[in-house]
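Engineer: One-letter residues, chain by chain:
There are 2 protein chains.
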Amino acid sequence: MAKKVFSEHDIKALPQRVRANFVNSLSGFKSANLVGTQSTHGVHNLATISSAFHIGASPPLMGMIMRPHTVVRDTLENIKQTGVYTINHVHHSFVKQAHHCSARFGSDISEFDAVGLTAQPSSKIAAPYVAESFVKIGLELEQISLIELNKTEMLIGKIVEVIFHDEHLLEDGYLDIESSGSVAVSGLDSYHSTKRLARFSYAKSDIEPSVVPVSASSGTKS
Amino acid sequence: MAKKVFSEHDIKALPQRVRANFVNSLSGFKSANLVGTQSTHGVHNLATISSAFHIGASPPLMGMIMRPHTVVRDTLENIKQTGVYTINHVHHSFVKQAHHCSARFGSDISEFDAVGLTAQPSSKIAAPYVAESFVKIGLELEQISLIELNKTEMLIGKIVEVIFHDEHLLEDGYLDIESSGSVAVSGLDSYHSTKRLARFSYAKSDIEPSVVPVSASSGTKS
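Here the protein sequences line up with chains A and B, keeping their order.
Here my numbering is used: the first sequence runs in plain steps of one and ends on residue 225.
Here my numbering is used: the second sequence runs in plain steps of one and ends on residue 225.
In short, the hints are calculated from the structure, not lab data.
Hints may be right or wrong, so weigh each one.
[To be verified] The calculated lysine-lysine pairs, modelled on BS3-like cross-linking and capped at a C-alpha distance of 27 angstroms, are:
id : chain 1 : residue 1 : chain 2 : residue 2
1  : B       : Lys161    : B       : Lys127
2  : B       : Lys99     : A       : Lys207
3  : B       : Lys99     : A       : Lys15
[Unchecked claim] DEER-style ranges, computed between Cβ atoms:
id : chain 1 : residue 1 : chain 2 : residue 2 : range
4  : A       : Arg76     : B       : Leu144    : 29 to 39 angstroms
5  : B       : Ser10     : A       : Val46     : 39 to 49 angstroms
6  : A       : Lys154    : B       : Asp209    : 22 to 32 angstroms
7  : B       : His44     : A       : His95     : 23 to 33 angstroms
8  : A       : Arg20     : B       : Pro71     : 33 to 43 angstroms
9  : B       : His44     : A       : Gly86     : 46 to 56 angstroms
10 : A       : His72     : B       : Ser204    : 17 to 27 angstroms
11 : A       : Asp169    : B       : Glu80     : 37 to 47 angstroms
12 : A       : Thr121    : B       : Ser208    : 14 to 24 angstroms
13 : B       : Leu149    : A       : Val214    : 13 to 23 angstroms
14 : B       : Thr121    : A       : Asp116    : 29 to 39 angstroms
15 : A       : Tyr205    : B       : Ile112    : 11 to 21 angstroms
Even for Gly, the Cβ is constructed at its ideal location relative to N, Cα and C.
Bound conformation, chain A alone (with noise of 0.2 angstroms):
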């Protein structure tokens, strides 16, 4: 295997759509996410996600980056104008339509529609849930940032409302989302399931961490 070595230069030196496909491969795998909306006039719009973050969980929050006049455009807008939008992971069986969402759409059309899922309305906010995802979130906007650097705006949203399978949660509050069918994004096409090397023990420095076990059965909390 012979090593390889980019400099800032030669990044910048790469042709558009390479560089993107190149950058966007950088951090690692993420999150495959579909962002639910819903226009003033009714519309309901759907969005491929790949850049939700964990923020925080007291108060529970996530992030995510936009690139405004790109194709999340009409989510942007219907987030900015009803302050709330949904969060749903992409599971397996329905990859390629979730892929099929980062195309650009017409405002009036419901990617839902277009692509073959099913808007679910939510009793708690004004934007569509993906009735085949088995991980839901309901979320309120609380925050837009602009990141001057490049241009991109940082969406912060309060989590109000998570819809999931009660198989999924664990006692201590992990939910297992490689059962729950969710999967990973690298690049910017690429879509990956996973398999679970290991669940460690919280981490002490005067010990090696342990493997702790994950039974799928082992019920809920509450």
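Based on the hints, put chain B in the right spot on chain A.
Structural biologist: Same frame as chain A, but now just chain B:
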């Protein structure tokens, strides 16, 4: 399968550790990285990070979320002092060592030595790489912003160097991080290898995405 709904109130009512496990599972699969830094006294530091995320390709920017006054305090301090750090993909062969780096070691201890990983100096920046990692990234700090909502800090770095293996880079710029043995994280402590489901073509509204072949031997552009 019984469907379960957690409201904002239900999440808030969970014991702290349970809530942390639960909410950390919600964003989906996360990148597994080790952040390498060096103190002004020359002591190496290595921290487990699952919050690295892609911000943009031009310029190549990566973000990460850190909570001050926690186990990452040395990392944060080193980055503020030196302005540089490395991000190294966790390879499946050293997940236990990587997790061990999330323990609280003294400021005068090198986690490299403590957990059994090898510090590899960079010719470009004053921060160590993890020799055992197959994807190593050198960054210069561009920005630190406080997220007021929960007092975490978002660091944004510009990628100035990438070290990888030639055979993992495809012609179109996609770095095959599955072939490079990179792993994903879920929750706070679960590590997963991946299996590609498909790589899809650039999505267009009027046509279903098609599968793009991934060949590890397709070589590089340069």
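Engineer: Decide, hint by hint, whether the structure agrees.
Structural biologist: Now the hints, each set against the structure:
no. : hint                                      : in the structure
1   : Lys161/B <-> Lys127/B                     : holds (13 angstroms)
2   : Lys99/B <-> Lys207/A                      : holds (12 angstroms)
3   : Lys99/B <-> Lys15/A                       : violated (35 angstroms)
4   : Arg76/A <-> Leu144/B: 29 to 39 angstroms  : holds (31 angstroms)
5   : Ser10/B <-> Val46/A: 39 to 49 angstroms   : violated (27 angstroms)
6   : Lys154/A <-> Asp209/B: 22 to 32 angstroms : holds (29 angstroms)
7   : His44/B <-> His95/A: 23 to 33 angstroms   : violated (48 angstroms)
8   : Arg20/A <-> Pro71/B: 33 to 43 angstroms   : holds (38 angstroms)
9   : His44/B <-> Gly86/A: 46 to 56 angstroms   : holds (48 angstroms)
10  : His72/A <-> Ser204/B: 17 to 27 angstroms  : holds (23 angstroms)
11  : Asp169/A <-> Glu80/B: 37 to 47 angstroms  : holds (43 angstroms)
12  : Thr121/A <-> Ser208/B: 14 to 24 angstroms : holds (19 angstroms)
13  : Leu149/B <-> Val214/A: 13 to 23 angstroms : violated (37 angstroms)
14  : Thr121/B <-> Asp116/A: 29 to 39 angstroms : violated (54 angstroms)
15  : Tyr205/A <-> Ile112/B: 11 to 21 angstroms : holds (18 angstroms)
Checked against the numbered hints above, the structure violates hints 3, 5, 7, 13, 14; every other hint is satisfied.
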